[in-house]
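S.K.: So the chains spell out like this:
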Amino acid sequence: MTSEVTDIGVAPLPPGAGLFRARGTSLDIEARPVTAALPLPARLNAAAPRRYYLYLMAPAIAVLAFISLYPFVWLIVMSLQDVGVGDGEWVGLKNYTRLFSDARFLEGWVLLAQYSAMCLTLQLSIGLLLAVIVNGAKWEKFLVTALLMPMMMAPAVAGLVWLFLYNGTFGWYHWLFQSLGLLGGGSILSSTDTAMLAIVLVDVWQWTPLITLIALAGLKRVPQDQLEANMVDGASPLRNFFAITLPNLYPVLLIAIMLRFMDNFRFIDAALVLTGGGPADSTKILPIYLFEVAFKFFKLGRGAAIALTLLIVTIILGKLLVRIFEKPKSERV
Amino acid sequence: MASRDVVQYKSPVAVAFKVFSIIFLVIYLIWTLLPIFVMFVSSFKDLLEAFNIPEVGDWAGVMVFFDFSPTLKHYQSLFYDNNFGEYMANSLIAAGGSAVIAVTFGSMAAYSLSRVEFRGKGDLFFWIISTRMAPVVAVMVPLYAIFRSFDLIGTLPGLILAYTTFNLPFAIWILKGFFDNVPYSIEEAQMVDGATRFQAFMSILPLVAPGIAAFIVLCILFAWNDFLFAAIIGSGGAKTLPVATRELVQPQNIQWGAIMAAGVVTTLPMMLLGLVIRKYLVTGMTMGAVKE
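If you read the protein sequences in the order shown, they are chains F and Y. Per this note's numbering, the very first residue in the first sequence carries number 1; after that it's consecutive. Per this note's numbering, the very first residue in the second sequence carries number 334; after that it's consecutive.
With the rest of the complex left out, here is chain F (with noise of 0.2 Å):
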């Protein structure tokens, strides 16, 4: 029977007729049935031109290889001159090599660290407990609100903030601190000892809140007959979390943990505004490090030699962090 119909319309595609052919019908005008025998239209819409795609696609692209492909090239160009505020001269790769030797820049990656270690493992405690708390809290609306609170805030201006509250003298902060015992006389800031402490709390402030929040956003993921399962066979609620609930939020976590990470590479706003670096180089990050060469000397060829580095460590986490990002949709949460 179908072979019937399909028999009809024997004569071969001629080439650029459209995918879209109605079946069973033919391509000579008088096999086919009256209300088919209109003018074909000047362009059938073809299965997908990629020139059409290519062309929405452009504008994003150019805008794109201005701001990103061609500074990357001008960074690698540059780090090879010495820059100043005129034009550069060629050194070679007397940049990197002095690098090797600067104490500053070595300092720098192991503050760095240290900062993103801090922060990360208080964020991350806090955060995940905060989580477990809030999640099917009575008022769960309502502190996911207050907690989104500081991550709206500008980070600079959240550094001014707490500036004032770490103020040696009429700081709410250094009062509060001074009368549980936890500091001695000098200002929180001044000390090379506690000046890191100070702005892993500012950084802890601000984004532990994202932390629970993702963490809350895995918890209700947690598969419910699973805990009733474990609960019914005696498992205490402890042995739950660690047996369940924990293994369940491991994907959740680690994007949180690699997008906290980053963004401590990549912000220093707050950090800026509160220690500049100081007191004797006790916070350098090495992203302040680089802020300073580049932009407080000027000497953009070094900045460049030193962003590069910078630049190539966050890569290789970025790739990383998208071939977290990339697994298969069940697996992710």
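Rather than coming from a laboratory, the hints here were simulated on the basis of the structure. Glycine included, each C-beta is placed from N, C-alpha and C at the ideal position. Take the hints with a grain of salt, since some may be wrong.
[Unchecked claim] Pairwise CB distance ranges (calculated):
(1) Asp391(Y) <-> Ile76(F): 54 to 64 Å
(2) Leu601(Y) <-> Leu99(F): 40 to 50 Å
(3) Ile315(F) <-> Asp391(Y): 18 to 28 Å
(4) Tyr55(F) <-> Lys612(Y): 28 to 38 Å
(5) Trp392(Y) <-> Leu238(F): 44 to 54 Å
[Claimed, not checked] Calculated pairs, DSSO-like style, for lysine-lysine (alpha carbon to alpha carbon, straight line, at most 30 Å):
(6) Lys220(F) <-> Lys319(F)
(7) Lys612(Y) <-> Lys141(F)
(8) Lys612(Y) <-> Lys351(Y)
(9) Lys624(Y) <-> Lys138(F)
(10) Lys94(F) <-> Lys220(F)
(11) Lys138(F) <-> Lys454(Y)
(12) Lys624(Y) <-> Lys141(F)
(13) Lys624(Y) <-> Lys612(Y)
(14) Lys220(F) <-> Lys406(Y)
(15) Lys220(F) <-> Lys454(Y)
(16) Lys94(F) <-> Lys296(F)
(17) Lys343(Y) <-> Lys454(Y)
(18) Lys319(F) <-> Lys612(Y)
Starting from the known structure of chain F, fit chain Y onto it as the hints suggest.
M.R.: Just chain Y now, with coordinates in the frame of chain F:
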């Protein structure tokens, strides 16, 4: 949850955890809201009142914090003596401009990336996203040199372009996820009905419109809150609110009242916007990796 109604027994450990969690929650809420609260209240305090603080260890003296007569003079000084109206306009133009560019170009690119397969797509995608993840200071070094040769330093177009470096990749990345969720068959149906490809694209836009609107707001938020780009690329002609706030800190005379007021002016609009797009906030802040 039904199981909770059935299981009535509460072990002492569970009760202890409950008490602990309430205490922890209260302390955390105070800790998280206190700086914001102090900022708001201090912006209404006269200079000397803001410096009132109890003796060390004098816990009852905390109430001195509320002992002040509210004044609006810091806000007045911001807008009459310090040109904050202009800085606010700068912030708005820079953030809004980059958000519009990012979402317009971004949605077109995201749509085509979502619909077409080609070799090297993964690499293109990684390039786009790594632009967003790159440390701001590192990006700024070559950008500063380039913008200097184009005379874009200290101008609003320069700042808009600088913000586009992180907003455009963000928009492409997030919106691609949105378009991936719209079945291609909708466009196919439109095209069978005689729509052109572009009309078909336009016809699915309403489906992603709420998301697009939310992400315009998020792009504005990221750009508005930026400090580094504005401090370097915008220095001179295009001062934005965070930079202007920072400049109130002078070595000799730190105008704390004005700083707090400026902080409120900078923060309040974003807090309100954040509440409006609450639903998309976590998705946006995690670059789409976590959906609420």
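S.K.: Each hint should be assessed against the structure and marked as holding or not.
M.R.: Okay, the hints, checked on the actual structure:
no., hint, in the structure
1, Asp391(Y) <-> Ile76(F): 54 to 64 Å, "59 Å, holds"
2, Leu601(Y) <-> Leu99(F): 40 to 50 Å, "43 Å, holds"
3, Ile315(F) <-> Asp391(Y): 18 to 28 Å, "53 Å, violated"
4, Tyr55(F) <-> Lys612(Y): 28 to 38 Å, "33 Å, holds"
5, Trp392(Y) <-> Leu238(F): 44 to 54 Å, "35 Å, violated"
6, Lys220(F) <-> Lys319(F), "28 Å, holds"
7, Lys612(Y) <-> Lys141(F), "11 Å, holds"
8, Lys612(Y) <-> Lys351(Y), "29 Å, holds"
9, Lys624(Y) <-> Lys138(F), "22 Å, holds"
10, Lys94(F) <-> Lys220(F), "54 Å, violated"
11, Lys138(F) <-> Lys454(Y), "46 Å, violated"
12, Lys624(Y) <-> Lys141(F), "17 Å, holds"
13, Lys624(Y) <-> Lys612(Y), "10 Å, holds"
14, Lys220(F) <-> Lys406(Y), "47 Å, violated"
15, Lys220(F) <-> Lys454(Y), "33 Å, violated"
16, Lys94(F) <-> Lys296(F), "21 Å, holds"
17, Lys343(Y) <-> Lys454(Y), "55 Å, violated"
18, Lys319(F) <-> Lys612(Y), "28 Å, holds"
Checked against the numbered hints above, the structure breaks hints 3, 5, 10, 11, 14, 15, 17 and satisfies the rest.
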